[in-house]
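K.L.:
Top to bottom, those sequences are chains Y and F. Counting from 4, one number per residue, gives the positions in the first sequence under our numbering. Counting from 161, one number per residue, gives the positions in the second sequence under our numbering.
Source of the hints: derived by calculation from the structure; they are not laboratory data. There's no promise every hint is true.
Calculated cross-link-like contacts (lysine to aspartate or glutamate; reagent style DMTMM-like; alpha-carbon spacing at most 25 angstroms) [stated by the list, open to error]:
| hint | chain 1 | residue 1 | chain 2 | residue 2 |
| --- | --- | --- | --- | --- |
| 1 | F | 263 | Y | 54 |
| 2 | F | 383 | Y | 192 |
| 3 | F | 383 | Y | 221 |
| 4 | Y | 199 | Y | 324 |
| 5 | Y | 101 | F | 388 |
| 6 | F | 383 | Y | 113 |
| 7 | Y | 101 | Y | 139 |
| 8 | Y | 92 | F | 338 |
| 9 | F | 186 | F | 388 |
| 10 | F | 383 | Y | 90 |
| 11 | Y | 101 | Y | 113 |
| 12 | F | 186 | F | 546 |
| 13 | Y | 114 | F | 388 |
| 14 | Y | 92 | F | 335 |
| 15 | F | 263 | Y | 221 |
| 16 | F | 383 | Y | 139 |
| 17 | Y | 92 | F | 388 |
| 18 | Y | 114 | F | 546 |
| 19 | F | 263 | Y | 228 |
| 20 | Y | 114 | F | 335 |
Examples of chain Y residues lying across from chain F (beta carbon under 8 angstroms, computed) [said to hold, decoys possible]:
| hint | residue |
| --- | --- |
| 21 | 145 |
| 22 | 266 |
| 23 | 313 |
Each residue gets a CB set at the ideal place from its N, CA and C atoms; glycine is no exception.
Here's the letter readout for the chains.
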Amino acid sequence: MVSGVNTTTAGQGVRLHVVTGKGGTGKTTVAAALGVALAAQGKRVLLAEVEERQGISSTFDIAPLSTSETLILNDPSGGSLYGMSVEPKAALLEYLHKFYKLGRAGSLLEKIGAVDFATTIAPGVRDVLLIGKVYEAAGRTQGRGRKAVPAYDAVVLDAPPTGRVARFLGVNTEVAEVARMGPIKSQADSITALLKSRITAVHLVTLLEEMPVQECLDATQSLSEAGFPVGAIIVNQVRDPILSEGDLTDLSDGITSRLHTEIAADLASVGVADPDRTTTVLLEEAQAHLERLDLQAEQDQRIQEQGRLVYYLPQLPGGLEAGGLNVLADELHTQGMV
Amino acid sequence: MVRMTPAAARAERSLDIDALLADPAKRIIVCCGAGGVGKTTTAAALGVRAAEAGRRVVVLTIDPALRLAQSLGLNALDNTPRPVAGIDTRSGGSMDAMMLDMKRTFDEVVEQHASPEKAASILANPFYVAVSSSFAGTQEYMAMEKLGQLRVQSQRENGWDLIIVDTPPSRSALDFLDAPKRLGSFLDGRFIRLLMAPAKAGGKAYLKAASATLSLAVGVMTKVLGGELLRDVQTFVAALDTMFGGFRERADQTYALLQAPETAFVVVASPDRDALREAAFFVERLGTERMPLAGLVVNRVQRVAGSLSRGRAEDAASALEATGAMRSSASADLLRLHADLATSATRHQELISRFRVSNPGVAITQVPAAARDIHDLDGLRAVGADLAG
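Given these sequences and hints, build the entire structure.
P.N.:
Right under this line is the structure:
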């Protein structure tokens, strides 16, 4: 039995996209591609990171981001993409300023080490501050009264990796361990309400390899159990099969000397040097490729069994340079995620 | 005499893994790098290779995903080193492996350094419970703590002569180096010290004596965090006070150990811009901290055999398709596959040379991409052989 099947499309009604995945699966790239794809639909989008890795600025090859929202690109459709890198100290000072009108006292707190204390030591407080900024941006409105509209049509959060994401999102549980009341606690409660609402979707990025898939499935389960709405599974770096069904049949029969001779003759006919040795190389590559395709298929099966929305992004042999991000964004759009 | 150009000299620098593993003066190898680059596999493969070459090895892994357990065919790793079955011990070596349980390690430290009653009160303190299981940095700190313990154990009974450490899947690779200091600065932190004063003096009388700044700070923090949290912290800090000296002393010792000539850092990366950037940060940082770098391991490098270039392969594929008379229908597709692999291979080498140029003098070894995931000793042996080049 498959539990927690998501029947809506990942994009419908969702305003906060939380993107996580095992380290090395490319979650920042996918979050960025999702942001670009949404902006290409004419939306005003905020892309946020919370681990001070400057992953967004390096993905877009722009100057390092800060806690203030910075325009990354304008899309011809009228959409736009903003970026920010949330940093806990700045977030705390801003928070104190906003709620307590602290002004100069903020820097006093900093001097005395209280800011350090609150942002690095007190468990959960750091996370509340980090998500708090995202929460605020997601809930912010423009205009007054009945004319008020959300400031952002969508917020994409490049969240911590799967190993830490449940704890990161579970701020209120974490904070409850140390603070049973007070403003941080109530802030944590409002954040949790948003994170568990239908406005939010937590997407998981994986590769078609055993460990990343295992972590993805584990995270899917723990997130669902904790009550967070799991959105889509985004499979990244999918290898193009390149070889046709016919090739696969030929190769699966094993490499016969007839096959070798035929290929060598083909290579010779178009002037490839050393056709015999080259054929051996090509066939070895094909064997390794087939093994990888088998592994991919096996892992894909495990993902499919989850009964969730799955999107596939191709491996980019040339990397992210030269418009790779747009290729991925287009895929997300074509496949219906946005 | 043939003079090498600087570029050629740089290209010469390859990381000699076997020499590193065979050097009896090297007793600690730390594998570090970004998440998802194959650190754990590298650590395990180094362990197997060293053990089978005659070293008595213990591998400490920190990752909670039981990855090493899987690659070593173990079912449970439980904060105590366990012998790894199936190691070829003919050269006189052996291999133990363990996985760090951070909470348990922290508990043990408390139990070791506080009186039983005090230990009990610390362990029950809600703030302690939270810090020991979720403080960002606890894992790194406890990894250092465990490394220190293993080092002491190896000198006493167990006779390990090589400790291989896999570092935690941190936010950034640098966290590993910063965490012990961060905990140290927590203990030394002015705010903590100020908070402690009242607990020592007893009661709330301190507020009168304390500076206006402190009152303000405590006031705001109480408002923001809730008074309860601060009280818990005060109790916790007071209870921990007797241990402070020990904590800091050991953090300092471990830091010094990491700078000692018996230690070698192996930075691990994948041929990917971000992972190599992270590796470069690490290399730079190790230099600043005067910590001994052995070199860089680049995992999952695409290689192509033969001399057929990408362009040649693509041209040949198009030419074949144009003739419409292929003897095998697979020929053109195989050429296209080769072109694709060659593209990745070129890109990987470009990224690695870029790293070389900006980090001259760093020895590098490359591990080719395997078609399958590694999860048994034979797989680790193969990786070990690749590491050794």
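K.L.:
Which of the listed hints are broken here?
P.N.:
3, 4, 9, 18, 21, 23
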